[in-house]
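Protein chains: 2
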Amino acid sequence: MEKMILSKHISGQFNAELEDIRNRVLAMGGLVERQLEQALDALATLDTELAQTVINGDHKVNGMEVSIDEECTRIIAKRQPAASDLRMIIAITKTIADLERIGDACVRIAKAALENRANNQQPLLVSIENMGRHATRMLHSTLDALARMDADQALELHKADAKLDKEYEGIIRQLMTHMMEDPRSIPGVLDVLWAARAVERVGDRCKNICEYVIYYVKGKDVRHVSYEEMEKGL
Amino acid sequence: MEKMILSKHISGQFNAELEDIRNRVLAMGGLVERQLEQALDALATLDTELAQTVINGDHKVNGMEVSIDEECTRIIAKRQPAASDLRMIIAITKTIADLERIGDACVRIAKAALENRANNQQPLLVSIENMGRHATRMLHSTLDALARMDADQALELHKADAKLDKEYEGIIRQLMTHMMEDPRSIPGVLDVLWAARAVERVGDRCKNICEYVIYYVKGKDVRHVSYEEMEKGL
Numbered sequence: 001m002e003k004m005i006l007s008k009h010i011s012g013q014f015n016a017e018l019e020d021i022r023n024r025v026l027a028m029g030g031l032v033e034r035q036l037e038q039a040l041d042a043l044a045t046l047d048t049e050l051a052q053t054v055i056n057g058d059h060k061v062n063g064m065e066v067s068i069d070e071e072c073t074r075i076i077a078k079r080q081p082a083a084s085d086l087r088m089i090i091a092i093t094k095t096i097a098d099l100e101r102i103g104d105a106c107v108r109i110a111k112a113a114l115e116n117r118a119n120n121q122q123p124l125l126v127s128i129e130n131m132g133r134h135a136t137r138m139l140h141s142t143l144d145a146l147a148r149m150d151a152d153q154a155l156e157l158h159k160a161d162a163k164l165d166k167e168y169e170g171i172i173r174q175l176m177t178h179m180m181e182d183p184r185s186i187p188g189v190l191d192v193l194w195a196a197r198a199v200e201r202v203g204d205r206c207k208n209i210c211e212y213v214i215y216y217v218k219g220k221d222v223r224h225v226s227y228e229e230m231e232k233g234l
Numbered sequence: 001m002e003k004m005i006l007s008k009h010i011s012g013q014f015n016a017e018l019e020d021i022r023n024r025v026l027a028m029g030g031l032v033e034r035q036l037e038q039a040l041d042a043l044a045t046l047d048t049e050l051a052q053t054v055i056n057g058d059h060k061v062n063g064m065e066v067s068i069d070e071e072c073t074r075i076i077a078k079r080q081p082a083a084s085d086l087r088m089i090i091a092i093t094k095t096i097a098d099l100e101r102i103g104d105a106c107v108r109i110a111k112a113a114l115e116n117r118a119n120n121q122q123p124l125l126v127s128i129e130n131m132g133r134h135a136t137r138m139l140h141s142t143l144d145a146l147a148r149m150d151a152d153q154a155l156e157l158h159k160a161d162a163k164l165d166k167e168y169e170g171i172i173r174q175l176m177t178h179m180m181e182d183p184r185s186i187p188g189v190l191d192v193l194w195a196a197r198a199v200e201r202v203g204d205r206c207k208n209i210c211e212y213v214i215y216y217v218k219g220k221d222v223r224h225v226s227y228e229e230m231e232k233g234l
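Here the protein sequences come in this chain order: A and B. Start counting the first sequence at 1; every next residue gets the next number (the UniProt record's numbering). Start counting the second sequence at 1; every next residue gets the next number (the UniProt record's numbering).
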């Protein structure tokens, strides 16, 4: 992964601190990406052991959030950053909160696999797997946009989330029909439904992270702004 | 509502800025509280007009988040706060993010009312209403703990969320049974299920805000820490 763009500082030490914190965020992103891939694999194959590995691994994600957050506060207090440096640190503290929540979504997906009630729901699991692969790709590109602080890519990704939402709505309709046709399947289908919901939330979180990238690069808060307005403004 | 405790600053202007920002957070909390009450009322009585009012009102919550966040960044850049002032501002930026998400939960609850497919699900709506009242009380006490920056109350509330989670699990079981007994009710029951989920998330958000209060008062990050460890540590 390419390094984030560095602005020049008089203090080489401050530079090193900023680079260190950026690397830690990207490492956290990499860990969350692996958690998501494993959680989806666990659900697709109903592999309870792998699901348990994902659940056990979540504390590492949580720990990274807390320690990076602490470091950000320390840097603000010690270095009193302004302008783009301050925006960078603020973007990072918000990003890690969303990464941590993607970690929670992975746990929910893994738990659906662990319940093992979705045994006979193979076609539903295939739909979810497809949607999951799209979410994984979206997360990967989001981390890439973050690594390169690429506002254009972030804007494109922001749009990609709408596709994931449509896919999600289709799955919900499919699950609903399935439950109505075979009420005994309801507990298993609900497990799949929670997993689908968690995958859809991953897309929302990625969208948030893209907004922080745009905030950092353009100095503009684009939360709660439509794609069209955003494109016009940037 | 009592004023938050003010630490003394050499700069009266800085003091005024901090007080202003705190007041704005509490005003945002008040708005979110009203949104939640109205969303729950709309669902209990399936009042589509009231539901629409809640949905239309969400942009105000979003706007408050963005403007308070902006002001926090401005204060950090201009005043270069340290120690408890910096913790206060960090606690505030995190709090408004959770308040904004409670606002989103209100919209989801209102949308369930708007769908109006839950027409024949009166007993289910009563369960949700009870759970909703508990969540409203929890939000009210959370805002109170925030206004007074009361770490003890925040710790107690942190525990209260477990009760809400139990109530939620009971409702999910009830909804599942209902769907299995009457498959035609599934679309309406799923609307109730999404609303129940949203109410449960309100409790989680309150728990987060309580953690920020503890962080501010005690200077300790207690996220991802169990109640027992937290109590021992404080």
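In short, the hints are calculated from the structure, not lab data. One or more hints might be untrue.
Copies of the same chain are indistinguishable here, so a pair counts whether it falls within one copy or spans any two.
When the alpha-carbon atoms are kept at most 30 Å apart in a straight line, the in silico DSS-like pairs for lysine-lysine are as follows [stated by the list, open to error]:
#, residue 1, residue 2
1, Lys78, Lys163
2, Lys166, Lys60
3, Lys218, Lys159
4, Lys232, Lys159
5, Lys232, Lys60
6, Lys218, Lys111
7, Lys166, Lys78
8, Lys232, Lys166
9, Lys78, Lys60
10, Lys232, Lys218
11, Lys220, Lys232
Hints and how they fare:
In this assembly of identical chains, lysine 78 and lysine 163 lie within 30 Å of each other by CA distance neither inside one copy nor across copies; the values are 43 Å within and 41 Å between. Taking identical chains as interchangeable, the C-alpha atoms of lysine 166 and lysine 60 lie at most 30 Å apart only when they sit on different chains, with a minimum of 27 Å there against 32 Å within one chain. Taking the closest pair of Cα atoms, lysine 218 and lysine 159 come within 30 Å of each other only inside a single copy of the chain (18 Å); across copies the shortest separation is 41 Å, beyond that limit. Taking identical chains as interchangeable, the C-alpha atoms of lysine 232 and lysine 159 lie at most 30 Å apart only when both belong to the same chain, with a minimum of 14 Å there against 46 Å between chains.
Taking identical chains as interchangeable, the C-alpha atoms of lysine 232 and lysine 60 lie at most 30 Å apart only when they sit on different chains, with a minimum of 23 Å there against 40 Å within one chain. With identical chains, the CA atoms of lysine 218 and lysine 111 are never at most 30 Å apart, being 39 Å at best within one copy and 34 Å at best between copies. For the homomeric pair lysine 166 and lysine 78, neither the shortest alpha-carbon distance inside one copy (46 Å) nor that between copies (44 Å) is at most 30 Å. Within a single copy, lysine 232 and lysine 166 get their C-alpha atoms as close as 24 Å, which meets the 30 Å cut-off; across copies the closest is 47 Å, which misses it.
For the homomeric pair lysine 78 and lysine 60, the shortest alpha-carbon distance inside one copy (27 Å) is at most 30 Å, but the shortest distance between copies (35 Å) is not. Only within a single protomer do lysine 232 and lysine 218 lie at most 30 Å apart by alpha-carbon distance; the minimum there is 13 Å, versus 45 Å between protomers. In this assembly of identical chains, lysine 220 and lysine 232 lie within 30 Å of each other by CA distance solely inside one copy; the values are 12 Å within and 43 Å between copies.
Checked against the numbered hints given earlier, the structure breaks hints 1, 6 and 7 and satisfies all the rest.
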